[in-house]
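Engineer: Kindly generate the complete structure, drawing on both the sequences and the hints.
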Amino acid sequence: MTVANVDNCARFAARPLTDVGTPTEEWLDALADVPELDVGGCDEIIVVAAHPDDETLGFGASMVALAEQGVRVQVVAASDGGASRQGIGLLERLQLERARRAELHEAISVLGVPAPICLGMPDGELSDHEDRLADLLTEILAARTSRTWIAATWRGDGHPDHQAVGRAAATAAHGCDAVLLEYPIWMWHWATPGDIALPWNRVLAMPITPHAFDRKTAAVRCYRTQVEPDGADAPLLPSFVLRRLLAVREVVF
Numbered sequence: 178m179t180v181a182n183v184d185n186c187a188r189f190a191a192r193p194l195t196d197v198g199t200p201t202e203e204w205l206d207a208l209a210d211v212p213e214l215d216v217g218g219c220d221e222i223i224v225v226a227a228h229p230d231d232e233t234l235g236f237g238a239s240m241v242a243l244a245e246q247g248v249r250v251q252v253v254a255a256s257d258g259g260a261s262r263q264g265i266g267l268l269e270r271l272q273l274e275r276a277r278r279a280e281l282h283e284a285i286s287v288l289g290v291p292a293p294i295c296l297g298m299p300d301g302e303l304s305d306h307e308d309r310l311a312d313l314l315t316e317i318l319a320a321r322t323s324r325t326w327i328a329a330t331w332r333g334d335g336h337p338d339h340q341a342v343g344r345a346a347a348t349a350a351h352g353c354d355a356v357l358l359e360y361p362i363w364m365w366h367w368a369t370p371g372d373i374a375l376p377w378n379r380v381l382a383m384p385i386t387p388h389a390f391d392r393k394t395a396a397v398r399c400y401r402t403q404v405e406p407d408g409a410d411a412p413l414l415p416s417f418v419l420r421r422l423l424a425v426r427e428v429v430f
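Counting in the working numbering, the sequence shown tops out at residue 430, every number present.
Rather than coming from a laboratory, the hints here were simulated on the basis of the structure.
Certain hints may be false.
Label pairs and their computed distance ranges (CB to CB) [to be verified]: (1) Ala187 - Asp220: 36 to 46 Å; (2) Gly247 - Cys186: 33 to 43 Å; (3) Pro370 - Thr195: 17 to 27 Å; (4) Gly247 - Arg192: 34 to 44 Å.
Don't be surprised by glycine CBs; every beta carbon is placed ideally from N, CA and C.
Structural biologist: Here it is as structure tokens:
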């Protein structure tokens, strides 16, 4: 699947997390008749995340379902997520990066897929390292068979890092003639069904079982730095964001 590059960062910025976003019910109604993707041609899939937790929030149940069908799954995290808390010092940032790497490994284990590849690129600056990321993803894909697919955060998701990862994955997929799937995360918050910014004519739902969703829910809980309060600070991922991400079907463009 291939969709064009599109920048929706302004759309996301106009609807920050102080806004509860699009109601889950609207998305559930819109997704009711979305056809499922046929994954019969996939022997292995590389799942690329901008930050630890993206892979689980946007594609976690899909990874469980694919692995249970015998598809090999390899997660690649572009950054360690050290910029998720603003205003912290260097030591605190390093500690946060270590914590998020550990959470990633724990979540991936819960999902039942092999240990991730962590590239350690700077969180919040992936656009500046997009060419290098594309080269690394190309190397990873080129070492696999022709039946290896790649999934990454959608190029229009509204977060600069998510969009950079999507563009890099698209470059790698094009160079290796691989199937590209793009999964949204923040789209569910700022967009609405039928939004002209969405390639809705291409949307497909991943074939997922209730068991796979249960594993995803358990894996999300591993990301304590994101879903639990930090002292007096509220969780970085508000409860309404998590509820929506755990309720909607996982889809790809």
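Engineer: If a hint holds in the structure, say so; if it doesn't, say that too.
Structural biologist: Results for each hint:
no.: 1; hint: Ala187 - Asp220: 36 to 46 Å; in the structure: holds, 39 Å
no.: 2; hint: Gly247 - Cys186: 33 to 43 Å; in the structure: holds, 38 Å
no.: 3; hint: Pro370 - Thr195: 17 to 27 Å; in the structure: holds, 22 Å
no.: 4; hint: Gly247 - Arg192: 34 to 44 Å; in the structure: holds, 40 Å
Hint violations for this structure: none, all hints satisfied.
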